[in-house]
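As they're listed, the protein sequences go chains F and V. Heads up: the first sequence at position 242 corresponds to 242 in our numbering, and the numbers run straight through without jumps. Heads up: the second sequence at position 26 corresponds to 325 in our numbering, and the numbers run straight through without jumps.
Since the hints were derived computationally from the structure, they do not count as laboratory data. Among the clues, some could well be false.
To be verified - Derived, one-sided and incomplete: chain F residues facing chain V with beta-carbon distance under 8 Å: (1) 142; (2) 145; (3) 198.
Stated by the list, open to error - For each label pair, taking beta carbons as the anchor points, the in silico distance ranges come out as: (4) V/483 - F/185: 41 to 49 Å; (5) F/182 - V/572: 52 to 60 Å; (6) V/557 - F/105: 54 to 62 Å.
We put the CB at the ideal spot given by N, CA and C, even for glycine.
As a plain string of letters, each chain reads:
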Amino acid sequence: MSGNPLDKRYAVLGAMLIAPTVLIFCAVIVYPLVSALYLSLFTIFTPTLRGSFIGLGNYAYLVNSPEFWRSLWNTLLWTVCTLTLQIVFGVAAALMLHQNIVFRSLARSLILFPYFVSTVVAVLVWRWLFNDLYGVMNHLMLMAGLIKMPLDWLGSMPNAMISIILVGAWKYFPFVVIAVLARLQTIPDALYEAAKIDGAGAWSRFVDITLPQLRDVLVVVVLLRAIWDFKEFDLIYLLTGGGPIIATQTLPLMVYKDAFGLNDMGRASAVAVSMMLVMLSFMVLYLKLAGRGERESQP
Amino acid sequence: MADVSFQKVRKAFGSAVAVKSLDLAIGSGEFVSLLGPSGCGKTTTLRMLAGLEFPTEGEIRIGDRVVNAVPPGQRDIAMVFQSYALYPHMSVGENIAYPLKKRGVGRAERDAKVASVAATLQLGALLDRKPRQLSGGQQQRVALGRALVRDPKVFLLDEPLSNLDAKLRAHMRAELIELHRKLGKTFIYVTHDQLEAMTMSDRIAVMHEGDLQQFGAPMQVYEKPANLFVAGFIGSPAMNLLPGMIESSGSGLAFVRQGLRLAVGAGGQAGQKVTIGVRPEDIALGSGPFVATVRIVEPTGHETIVMADIGGQSAIVRVQPDTAHVVGSETPFAVRTSRLHAFDSVTGARLDLAFAPPAS
Numbered sequence: 001m002s003g004n005p006l007d008k009r010y011a012v013l014g015a016m017l018i019a020p021t022v023l024i025f026c027a028v029i030v031y032p033l034v035s036a037l038y039l040s041l042f043t044i045f046t047p048t049l050r051g052s053f054i055g056l057g058n059y060a061y062l063v064n065s066p067e068f069w070r071s072l073w074n075t076l077l078w079t080v081c082t083l084t085l086q087i088v089f090g091v092a093a094a095l096m097l098h099q100n101i102v103f104r105s106l107a108r109s110l111i112l113f114p115y116f117v118s119t120v121v122a123v124l125v126w127r128w129l130f131n132d133l134y135g136v137m138n139h140l141m142l143m144a145g146l147i148k149m150p151l152d153w154l155g156s157m158p159n160a161m162i163s164i165i166l167v168g169a170w171k172y173f174p175f176v177v178i179a180v181l182a183r184l185q186t187i188p189d190a191l192y193e194a195a196k197i198d199g200a201g202a203w204s205r206f207v208d209i210t211l212p213q214l215r216d217v218l219v220v221v222v223l224l225r226a227i228w229d230f231k232e233f234d235l236i237y238l239l240t241g242g243g244p245i246i247a248t249q250t251l252p253l254m255v256y257k258d259a260f261g262l263n264d265m266g267r268a269s270a271v272a273v274s275m276m277l278v279m280l281s282f283m284v285l286y287l288k289l290a291g292r293g294e295r296e297s298q299p
Numbered sequence: 300m301a302d303v304s305f306q307k308v309r310k311a312f313g314s315a316v317a318v319k320s321l322d323l324a325i326g327s328g329e330f331v332s333l334l335g336p337s338g339c340g341k342t343t344t345l346r347m348l349a350g351l352e353f354p355t356e357g358e359i360r361i362g363d364r365v366v367n368a369v370p371p372g373q374r375d376i377a378m379v380f381q382s383y384a385l386y387p388h389m390s391v392g393e394n395i396a397y398p399l400k401k402r403g404v405g406r407a408e409r410d411a412k413v414a415s416v417a418a419t420l421q422l423g424a425l426l427d428r429k430p431r432q433l434s435g436g437q438q439q440r441v442a443l444g445r446a447l448v449r450d451p452k453v454f455l456l457d458e459p460l461s462n463l464d465a466k467l468r469a470h471m472r473a474e475l476i477e478l479h480r481k482l483g484k485t486f487i488y489v490t491h492d493q494l495e496a497m498t499m500s501d502r503i504a505v506m507h508e509g510d511l512q513q514f515g516a517p518m519q520v521y522e523k524p525a526n527l528f529v530a531g532f533i534g535s536p537a538m539n540l541l542p543g544m545i546e547s548s549g550s551g552l553a554f555v556r557q558g559l560r561l562a563v564g565a566g567g568q569a570g571q572k573v574t575i576g577v578r579p580e581d582i583a584l585g586s587g588p589f590v591a592t593v594r595i596v597e598p599t600g601h602e603t604i605v606m607a608d609i610g611g612q613s614a615i616v617r618v619q620p621d622t623a624h625v626v627g628s629e630t631p632f633a634v635r636t637s638r639l640h641a642f643d644s645v646t647g648a649r650l651d652l653a654f655a656p657p658a659s
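I would like the entire structure built from these sequences, with the hints used as guidance.
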């Protein structure tokens, strides 16, 4: 930097302008992160927050704990399945809403409804729909002759896992719809017209034009939703509470149970840190894919 | 034999009529421009021929086949879009090969054809690039390549040069003329730029408000505009249109308006409202029976454009660059009566009036 006093004043101004962001970042991200890492090295009684240092003891316990591995498996299963459904139905709905259908604007607003509804409300509604004694689902399926006995949707496996996956897909597919629809509207009509003249049928136009054009937005949507689904707590907790036993318990539920059910903040922190490591791999994948996209766009 | 023909073709979008009742027959191997201001129906006409829009009424033929219900991909046409419409995620080579791929042409034959087209258009070095890595002129050539590779019966071009800068446009114009000569195929070219239409076409179809105004060779359209619209639209600077009246004058008739009186040798009748058209190059400033006031002088180098007041109306005159004209001065002028055009002021139709040379 030169000795120009104006330069110095600008530099000070710049530092002052970014200071609030840096402080908030430290307070809400760096501090909790560091303290989670720190806490995970202790065995801590939650109500008093007192405990003793045990080094990597919590991690050693987790590696040997079938519950941890089961929860990790549940988390991955739930994330992969619900995300797949969200993408498939999200893209399909977006394609449909992009057509000139009747009541298009109404349909576009209605489809966002699940995303707007508070999770608590949505789950209460679904619990009634799934109810094994009074639920509409059982009633309709019995009437249609699909089942002979009422099903226990949330209290037995694999029904409970299937139920949370379906409700998760229903709740979050509108996010995919919004993102994909926004991108669809920017694809020039001329590309489809050129393809028609070049002899491409409807399926060819979808595969050769729509999908490649959606690629970038789908990469972002998949990674964002993967991270969010991986962390999902309220929907699963309210729907099944992780049950039956731990059959639908995901890692966020395990963190909650360890921290506030079993009052072991240290072990809960260790689970949270492990979750972070898994998500970090999502992050690396994301940066790699994003980086590849950027390289491709350079001459 | 006509290669492309429109018979009483009408196209309406709801209550808006884009093309009224078009009859047009385009010969095999012809280069025809559809020319007109925006909203005249020229692009709709082309899109109907491409199969991207369907006529509300009438019949479109390509060769001897009625194509009204034939999908675009089976019409044996290729189209170059104004925006080029190159597939952004495909390389240049893949873009050019795409129409062949969709028609099930084998890989080896595809590669050979792409290579040959790329050689014609000097795209050989660019085949692996993506469209966004190309300049406007190169993208334009890729779009042409994608049309060429199929060897279609008819080429449709929708204002393909309008996104290029002036220099490149002149260059591509020459390349298109050359390409048309080499291929000998039918080209149908939509443009609002009369320079492009005049320089490239065998025939020009001038359109206005959904109607075909005139269909003829460029010089025919220029020399004998069929009506007031064509007269005002073709030519740059535009033809001067001076409304007036035919009056009896001694033993004969004369066209009269403020500041102008021209003896009519043949045609016309007294009391008829007539608009005469005179091209900027057909007014001679400096000497003559009439007087004009010079308003604006615009030297462009190879010529000078003078805006002058003739009987209360401003007219454009094209003069040699070496003549000096003082703004505000009055100057005598003459018109070349042999090159005057006359139109009915009410219907706009061309009139067969002969003007007598001025008695000098």
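Here is what the structure says about each hint:
1. 142: Nearest chain V Cβ about 48 Å off; hint violated.
2. 145: The hint is violated - residue 145 of chain F has no Cβ within 8 Å of chain V, the shortest such distance being about 44 Å.
3. 198: Nearest chain V Cβ about 4 Å off; hint holds.
4. V/483 - F/185: 41 to 49 Å: 42 Å, holds
5. F/182 - V/572: 52 to 60 Å: 58 Å, holds
6. V/557 - F/105: 54 to 62 Å: 59 Å, holds
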